[in-house]
Amino acid sequence: MPSSSTASSRQASRRSHPLWRLAAYGRPYRRQFWLASLCSVLNKIFDLAPPVLIGTAVDIVVQRQDSILGRLGLADVTQQLLVLGGLSLVIWGLESVFEYAYARLWRNLAQTVQHHLRLDAYAHLQNLDLAFFEDQSTGGLMSILSDDINQLERFLDGGANELLHLLTTIVVIGGAFFILSPQVAWMAVLPMPFIIWGAIAFQKLLAPRYARVREAVSLLNGRLSNNLSGITTIKSFVAEDYEREQVRRESEVYRQANHQAIALSAAFIPVIRILILLAFVAAIILGGQEVIAERLAVGTYSVMIFLTQRLLWPLTRMGDTLDHYQRAMASITRCMNLLDTPITIHPGHQSLPFSAVRGEVNLDHVSFAYASGQSVIHDLSLRIPAGATIAIVGATGSGKSTLVKLLLRLYEIQSGVITLDGVDIQSYRLPDLRRAIGLVSQEVFLFHGTVRENIAYGSFNASMEEVQAAARNAEAHAFIEQLPHGYDTMIGERGQKLSGGQRQRIAIARALLKNPPILILDEATSAVDNETEAAIQRSLDRITQNRTTLAIAHRLSTIRHADCIYVMDQGRLVEQGQHEALLAQQGLYAQLWQVQTGLRSLASR
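So that you can map any letter, position 570 of the sequence shown is 570 in the UniProt record's numbering, and since no number is skipped, the others follow by simple counting.
None of these hints come from the bench; they were simulated from the model.
One or more of the hints may lead you astray.
[Said to hold, decoys possible] Below, in silico cross-link-like pairs of lysine to aspartate or glutamate (EDC-like), each with a Cα-Cα straight-line distance of 20 Å or less:
hint	residue 1	residue 2
1	Lys405	Glu523
2	Lys405	Asp129
3	Lys405	Asp522
4	Lys497	Asp421
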């Protein structure tokens, strides 16, 4: 469990501004960030130079020998114009160079941060326990890994540069105004505090609205993801119209959330334009009066008029810039909150060499309850000898499959201890522990790819001969050979091109190829027909040799020859023994056997 100081630091991190959280995450990219920022600032400085060049040109043609360049020693007007032309070439050239540089640097930075943030977020997700995923929708997590990280990439690609350009414009032109004519400058910059105040106010109002937008799109993605996964169920229950209405509602919530954000962000530019107009008119009138009174040169006046426009009109884009900024901040918050989610599964510290595993498992007074408070395992103690075939049976909800998750440390127990070869499994390094256990779950998951890729999943360097040997042991080789391209046949997402029995046999082959010292069969024959079940049963002697096997089953016929059968009821161990001995006890196991063999009806139980 995390310490109180660690938990406090995470809470503090969640309360800090998203930009600081991004800066903390992006420390490895600081050099590239500062270099890109420098290029953006220099580009904007050279971009602001043309009004100065225009003012200088006006000064030359009006003042001639008394122009600025004339006072610097260039008396000839033609020479002055040639020098001004040369300066123009240099300035425009440097502006283009730095524009290329900042565009390339920001875009590469955006791609790099996006790439690593997505990998870090995905890696962090994989380390969270299953309890986290019970409270999250797949679509919501996909929204973070895709939409939110892409939103951050778009901000770094363009929004950050726009902010820097805006700040540079304010600083450079504001400073130039006070140098050229302080008596006119104050009128030009007077609206700026109101513009900045308005920007901050808009930002505060927009932040919660964009947070609702991100939440709405997360829920919409969750609905779409679930529906696409369950399309067969939707069609079979003729629920297309119902689901379309559910998607319409979720999409309408998303639309309304955007509508509220747009209504506010769209009001920004018209308000700013009025303030800008007042400042521009003031600069024209007051500056013109200064020229008439001969207190301001014509060239300087020209520069100030152009600079006033260059200073104030870009502020109209502040609305779009803030819009991108707030969207990015909402996305950063969601990404960083995911990364700050504590990992409650202890990683372990003791190595577990694969070849050294004997496979003796002991549970000593183990209890477990899900986060919802539902207690599943109660003070359970049992022993699984090394190399033995042990079965666990019981009615649905008795805790059999939960026991598997505890052995794999997909969840952590609340009390008691589970040991492997006499060592607490929480002490073993988590990857080592899970490599030692091969699981065939009743919920078979196959990846989109070929048959061979799915069998070799987790044993990626396995040869074709090893893959085929595992398939033969799982009674899968025969049907695979009959597929259009044999082991190279694409099986579709989740193996949808295969039958349930075929998918389960591939899952068994996958576990066997891993060749684990401990094999867990969680309802491994639940989706196969009687003939296939019989074939798998014939191969069990080969499969279980030299390994500890834990078989969880509803169909008692599949485990009747186990070395020991444990019977669970409502999370407790109620009976144990071999098949014949349990039948003789006339207890729960005998009742389950009689129901399955037709000797006793469910109604009479």
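Hint check results:
no., hint, result
1, Lys405 - Glu523, "14 Å, holds"
2, Lys405 - Asp129, "10 Å, holds"
3, Lys405 - Asp522, "10 Å, holds"
4, Lys497 - Asp421, "41 Å, violated"
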